[in-house]
Amino acid sequence: MFTRITLHEGVTRQSLAAARILLLGTWIVFVFFDPIQSLTNLPIELFRTYGIFHLVPDTVWGAVVTPTGLLMLKIVVIGFLAWAMIGWRHARVAACFAAALILFYLQVKKGFGGHWDHREMTLVYTTALLPLLPAWDAFAAHRRPVPARREGVYRASLLVLCFVVILQYVFVGIARFFIGAPGVFMHGTLQNWVENRNLRPNPFGFDIGTWFLGDFWAVPLDLLFLGGTILEVAALLLLFMRPGWIKITFIIAFALFHISIFLMMNVSFMEDVVLLVLFFDIAAPWRRIRKGHEGSGLVVYDPASPEAVERVGRYVERDKDKVLQFATVGSSAAAGATTSDLLFRPENSEKVYTGEAAHAEILYRLSGYAVRAWWLQRGSGAGSTLPRRGAFGTWWLGPRESAPLPSDQRFLG
Amino acid sequence: MNGTEVSAGLILRAGLECLALLAIVAYLLFRTDLRQKFYSLGTRALATVLIFLGAWGAVQMVDRWQYDYPNQWSPIPLTRFAMYQVQLKESVEETYSWQGVYTDGEQRELNLTAEFSTIGLPAMSTRMRVLLNWAQEPEGSADHQKAADELKLWATGLAKAAKDSEPQLKEIRFYEVTGHYPNPDESLLMSWSVDELAVG
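Residue numbers (the numbering used here), protein chains in the order written: chain A, 13 to 425; chain B, 7 to 206.
You may find that some hints are simply not true.
[What the hints assert, rightly or not] With a cut-off of at most 30 Å between alpha-carbon atoms, the simulated DSSO-like pairs for lysine-lysine come out as follows:
| no. | chain 1 | residue 1 | chain 2 | residue 2 |
| --- | --- | --- | --- | --- |
| 1 | A | LYS334 | B | LYS158 |
| 2 | A | LYS86 | B | LYS169 |
| 3 | B | LYS158 | B | LYS95 |
| 4 | B | LYS166 | B | LYS152 |
| 5 | B | LYS169 | B | LYS158 |
| 6 | B | LYS95 | B | LYS152 |
| 7 | A | LYS121 | A | LYS86 |
| 8 | B | LYS95 | A | LYS363 |
| 9 | B | LYS176 | B | LYS158 |
| 10 | A | LYS86 | B | LYS176 |
| 11 | A | LYS121 | B | LYS158 |
| 12 | A | LYS363 | A | LYS332 |
| 13 | B | LYS176 | B | LYS166 |
| 14 | A | LYS86 | B | LYS166 |
| 15 | A | LYS121 | B | LYS43 |
| 16 | B | LYS152 | B | LYS169 |
| 17 | B | LYS169 | A | LYS121 |
| 18 | B | LYS176 | A | LYS121 |
| 19 | A | LYS334 | A | LYS363 |
| 20 | A | LYS332 | B | LYS176 |
| 21 | B | LYS152 | A | LYS121 |
| 22 | B | LYS176 | B | LYS152 |
[Said to hold, decoys possible] Simulated restraints, written as ranges between beta carbons of each label pair:
| no. | chain 1 | residue 1 | chain 2 | residue 2 | range |
| --- | --- | --- | --- | --- | --- |
| 23 | A | ALA94 | B | GLN174 | 51 to 61 Å |
| 24 | B | LEU18 | A | ARG101 | 30 to 40 Å |
| 25 | A | LEU268 | B | GLY60 | 47 to 57 Å |
| 26 | A | LYS86 | B | LYS169 | 32 to 42 Å |
| 27 | A | VAL72 | B | PRO173 | 31 to 41 Å |
None of these hints come from the bench; they were simulated from the model. Idealized CB from N, CA, C, for every residue including glycine.
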């Protein structure tokens, strides 16, 4: 049997661009609030390099771990991250530098630790993959036209990013099952860890874990640990989930998993909670809010009216998603309409709008005119067709976009 | 089973772990349309992604020394993703504490992990765990001396961070912590007068 991947069906270039902003924005917040300056209090003799950073001369680290060096490093890292996030010219190159600098930055921090843990590494990997992806085709400050892309490339790009997130969970879960099971899920193992982590110095000071140190909690905590590990391995299933409550439940379970570890053991994996957002079409609410209303509709106009013709010309120009249909008064498609005024009939609706109310309804269906349409609609006093799914619903359950209409179905007569 | 001990059992488990990962990869590549979905990335991007995933997967299977300190070999920027796999005795039966004695005669905790939170709790915990173990070796042994040297440097960092504290810090102590919450036992392992530390 051949199983079809169903994650991220129907995503757009905006979805990938929003993921870029999420990843790079997360880093900016991370670096901005990171108290790395405190390292200047530590003797440099405590610093050790890991992996490829053995190749960097010791004098470099000595120069960086100074008040000026660390401040400069922070400014440069944030500068490149912001450049890549905003999408000025050569943003892709900036993203490459940003990824390399982030690794350098992490080495400065982890160099004082006992090992290089994987807390931020999934965020590093997803960020480092961005330059390979067409992540600057939307929401970018550069004004370059979007080049022709392969069909499905935006979806493939988001799948790659999500796949990295999934793999981290699968790797951790499989490692625990095969190296530690069954012992690691028995005899109050998790409870022992919780107790020790609450005795051990930590920077957060949560002591919720101490509520669960009684004998009664040993078995429930073991079962919770087993359940969490099963969840980690089951992350693979996210590849096969469409928007819906099962997926939402899964994602909430992961978030709760991280948050409970944070609160009970003072071990933070907040970056991973942010990465869970990648499993949703992040741009869907944005598209939904901008468009205001979904669905197509028929614009009927009088070709003898220069004002109507000019207005329709503007609609055609602005209808980038090609969802509107056009017909002239008297044509068969206009279904008996005889008014010289502009007329609009929403798709699958018997309701007909004229004048400014029609203008407002049409603008609702054009990307970028939602606010203007809303303002006009208030003025016209006309009711409106309700959106089929609100921004909140779209966020969780995915968009219901209208497919572009072919030309012969747009201009009906 | 001791997690750091290379035994036949651990090798067997590691082998089975690798087989499980390979089975998952094979399933995704051959029994789903993931490959076809990725084709849209284009040859160069897809090749780079696959090389990255392959290298990361290899490190996941091979790197078993990530928690060693000092680390002699490391594949960073790639790393193995694994945590809470095996309960080591030293990771639950004891921990450490830094305490400061101030000029008002009070002794209060010096929270190393909060003062240097940028390093990260897991990384800091590994280092302190190893230093704690070394510090408990017999005096005069190489490990004990290494712990004494390095802990003195950490004490210097703490003293520098607390330089402007009021009342002033006059002594720093490093303890082994055992027993149970909320009344653990603390055993003094080492201490330094602030005057003997190169606070500057």
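Checked hints:
1. A:LYS334 <-> B:LYS158: 70 Å, violated
2. A:LYS86 <-> B:LYS169: 25 Å, holds
3. B:LYS158 <-> B:LYS95: 26 Å, holds
4. B:LYS166 <-> B:LYS152: 21 Å, holds
5. B:LYS169 <-> B:LYS158: OK: B:LYS169 and B:LYS158 at ~16 Å, within 30 Å.
6. B:LYS95 <-> B:LYS152: 22 Å, holds
7. A:LYS121 <-> A:LYS86: 12 Å, holds
8. B:LYS95 <-> A:LYS363: Violated. B:LYS95 to A:LYS363 sits at ~74 Å, over the 30 Å cutoff.
9. B:LYS176 <-> B:LYS158: 14 Å, holds
10. A:LYS86 <-> B:LYS176: Given pair A:LYS86, B:LYS176 is violated - Cα atoms ~34 Å apart, limit 30 Å.
11. A:LYS121 <-> B:LYS158: 20 Å, holds
12. A:LYS363 <-> A:LYS332: Status holds; Cα separation ~25 Å.
13. B:LYS176 <-> B:LYS166: 12 Å, holds
14. A:LYS86 <-> B:LYS166: Holds. A:LYS86 to B:LYS166 sits at ~22 Å (cutoff 30 Å).
15. A:LYS121 <-> B:LYS43: 38 Å, violated
16. B:LYS152 <-> B:LYS169: 26 Å, holds
17. B:LYS169 <-> A:LYS121: 22 Å, holds
18. B:LYS176 <-> A:LYS121: The hint holds at about 28 Å.
19. A:LYS334 <-> A:LYS363: 21 Å, holds
20. A:LYS332 <-> B:LYS176: Distance of about 71 Å is beyond 30 Å: violated.
21. B:LYS152 <-> A:LYS121: Roughly 22 Å separates the two Cα atoms, so the pair holds.
22. B:LYS176 <-> B:LYS152: Cα-Cα ~24 Å, so holds.
23. A:ALA94 <-> B:GLN174: 51 to 61 Å: Cβ of A:ALA94 to Cβ of B:GLN174: about 42 Å, so the range 51 to 61 Å is violated.
24. B:LEU18 <-> A:ARG101: 30 to 40 Å: With Cβ atoms ~55 Å apart, the hint is violated.
25. A:LEU268 <-> B:GLY60: 47 to 57 Å: Violated: the Cβ-Cβ distance is about 33 Å, outside 47 to 57 Å.
26. A:LYS86 <-> B:LYS169: 32 to 42 Å: Given range 32 to 42 Å: violated, Cβ gap about 23 Å.
27. A:VAL72 <-> B:PRO173: 31 to 41 Å: 39 Å, holds
This entry does not satisfy hints 1, 8, 10, 15, 20, 23, 24, 25, 26, going by the numbered hints stated previously.
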